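In case you want the letters, here they are:
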Amino acid sequence: MILEICNVTKKFGGVTAIKNTSFSVKAKEIYGLIGPNGAGKTTMFNIITGNYEPTSGDIKFHGQKINGIKPFKIVHRGIARTFQNIRLFNSMTVLDNVLIGFDYQASYTYLETIFRLPRFFKEERRVKKRAFEIMEVLGIAEYSDELATSLSYGQQRKVEIARALAANPQLLLLDEPAAGMNPQETEELAELFFKIRDEFDITILLIEHDMKFVNKLCDKVTVLDYGKTIFEGDIKDAIKDEEVIKAYLGDFKHA
Amino acid sequence: MYEDKIFTRHRLINLAIIITAIWFTWFAQVTFDEYTVRIINNVAIFIILAVSYNLINGVTGQFSLEPNGFVAIGAYVTSILIVDADTMLYQYDIEDPSAWVLAMQADFAWALLFAGIISALVALSLSFPVFRVRGDYLAIVTLGFGFIIKILAINNPQITNGSLGINDIPEYSNLYWTGGIAIFTVLAILNIIYSKYGRAMKAVRDDEDAATAMGINTFKIKTLAFSTSAFFEGVGGGLLAALLTSISPDLFTFFLTFQLLIIIVLGGLGSTTGAILGTIFVMAGLEYMRFLDEPMSFMGIETDGTPGMRMVVFSLILILVMLFAREGLTGKKELKDFFKKKKADK
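Residue numbers (our numbering), protein chains in the order written: chain C, 3 to 257; chain F, 20 to 365.
Keep in mind the hints are simulated off the structure, nothing from the lab. Possibly wrong hints are sitting among the right ones.
[What the hints assert, rightly or not] Stretches of chain F that chain C covers, calculated by requiring three or more beta carbons in the stretch to come under 8 Å of a beta carbon on chain C:
id, region
1, 186-193
2, 203-211
3, 215-221
[Said to hold, decoys possible] Straight-line C-alpha distance at most 25 Å; calculated PhoX-like pairs for lysine-lysine:
id, chain 1, residue 1, chain 2, residue 2
4, C, Lys130, F, Lys239
5, C, Lys130, F, Lys355
6, F, Lys352, C, Lys75
Source: prediction; values computed, not measured. C-beta atoms are modelled at their ideal positions from N, C-alpha and C, and glycine is treated no differently.
Chain F on its own, in the form it takes in the complex:
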């Protein structure tokens, strides 16, 4: 059947992309220098965060400002689980760590899974008050939620070592971990989008009343999208902690959420391809524009180094993108839609 042919062709292309991504992860880890690997690690973690943030914000259309809260939860849960008891006793200066904090130990993989599950459970409990009503309450509540997590982290030194944060976290994150989990996350999110759940999420975004009238439990769908986002953000937070090797409450401010918001809006709200492109564009772009901060000579004009110059240029680029591509780089389209469009034009 014609349908099945398209199906297999898409699957072959998908398989090729996945294999290329896995190969690139391995290749980058083996060949590139430490600096480049670190940037790619960062990009991979931000792909996890952006793609999952996009699920609630872009696909389900519920404006939410939650990532920094869940990233913080994930980072702290992972750190507590992978830092051994001696290291903890040594660095917890404000108050001695609680017995259960010392007792909790797990391998990195289990720690990440646990971080995700805790985040998802917190998201689930937030859903009940928030999704009972419609409107922008989710944005308000999640904005406050980020601050609450920060304050909780500062004021519970027996668990989190307060504002000193946790240091000497084993540096487990390498490209095998970050790249592998990024690939899994993108696949999982795409699998959700191309299923009845994803269709229902888009339906909720487009017209919530009509979705209800078609038998969709909109509360359940929103909760599902929110918890899934939180799960992957928790995992991403764990990876971030094991990459940075030290975390503190100040690390997970609203600025993190803001950066992710820029990424998904720039990439195209609602498009996973867009979220990935946006991440690469913003993260790698900011890194490689560092030369702008340095002294340079341009057409005979010598300038001193201006710290922050790259942010000015970056903002200009953002404004230009928003002016000429109002829906972001990709709009709501995914990679496969671009191929389809080309075919239709012929």
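Extracted from the complex, chain C is given alone in its bound form:
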């Protein structure tokens, strides 16, 4: 088990955003976290990445408790994420955006930077080469010198994924990667995620609304509704499950 969520509850004042949720993700799996709006999916992401601390319960990564660790240190441990609304660094080029992910992996000191000592050049070259490899896989290498914000929406999404991959994660969290994309782009994106998983040997946990996309991509899903887990297991069973249908389409009996 690469990631274990053990009985996590998160309360904001009187509102319970997540209620006693547990699930676990196996290595190299593509795991879906689905549910209607306001179900607590993004809250769950923020708990995993350390932005929120759970009110009770634990998050375990490779069997080690990670709740309470600072967000940037959780990235160093191997969890990287993308955002629901793309958040690139606007004033920077695509290459620089991706290089940000390498920040903690380039090991030269401040003095070595100021005096441009050999290790600076060696490390910069290594990191840039690696950045181009990642951009190559995602098909954005040709835009490396352009401003990140000058690209199309779909390309920006890829830059954000490349940036997250640059942080060398074992677990990649994707917050609605297919949002705002047309069916063809969604199709391509699904292929891309399979490719990413195999090429970089990582586990993917994603939030998504597009059921077709989830169906194609995910091995297993957890369905949240108002902070409660209403389904956990195979995606094929999830779409037949009565509670899941009720959560998504409403309760017909009382309609």
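Given the coordinates of chain C, assemble chain F onto it according to the supplied hints.
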């Protein structure tokens, strides 16, 4: 590889610029008259201050009003170190200087380095309360910090000679010192900007949450930028003290910070090229517009000299620049970006 070619071409251009700058420093010191040399000295010191101020304010995007505080610290530390004991005993009228103040003596180079280090350490200790929270606290704290330094300088006459200030500081600053250190500062700051540290600083400016989500320790990066700024501002303060030969607490008011703020905003917040251009524009411009204060005849109209006329004209120019180039003279672009743009257009 294509990458490496660009790399060497850039390095050659950089080398040419550095050599030209060094040559100009030497040439100016040897040939120009005293008045011109003094202006260039001033410009060089303000380049040091503006470029380092730009690192925290423009590149890292943390609105700060600190320069006058650190310039004051640097000026006082340097002065205490380079003024000899006899001169000090002679001019400290309010109270006798403390024994340790008299005992501290150093060469000019060491004094400048020490001034920088003290400034950086003060900045480091300020960082801990300030960067724990987000928002405009840095501006508020640094604004207050400038006043605190001034009050400390006035109320500790055994160290600073109070409001009388320190006089008869040896005039060590010449263009070799100011120009040389200005070149070093610009190089050091550019080296920082074009590294993982600089990228992280820009990332913090653009989106702090996303930067954290990419594994950047934003507290460390902000502290680093702030302390680096403070270091060079301290050194600049030392050079200023040894150029003016007398300092007092009134010299380092908020107006100094304000002037630097105008310079970096005019030049283009976040651009080192812009900071340098802004300095030359403001400092040299103010100096050469002095003729506006004098009586003149223009198209048959005779005017009396109006003191302060140049400030009016200067303000108008500032307003025009802000109207037509809202991001400053260069925006966020550096010199090399302008070359790149031209190439792409062809």
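Taking the hints in turn, this is what the structure says about them:
| no. | hint | in the structure |
| --- | --- | --- |
| 1 | 186-193 | violated (count 0) |
| 2 | 203-211 | holds (count 3) |
| 3 | 215-221 | holds (count 5) |
| 4 | Lys130/C <-> Lys239/F | holds, 23 Å |
| 5 | Lys130/C <-> Lys355/F | holds, 19 Å |
| 6 | Lys352/F <-> Lys75/C | violated, 32 Å |
Of the numbered hints stated above, those contradicted by the structure are hints 1, 6, listed in ascending order.
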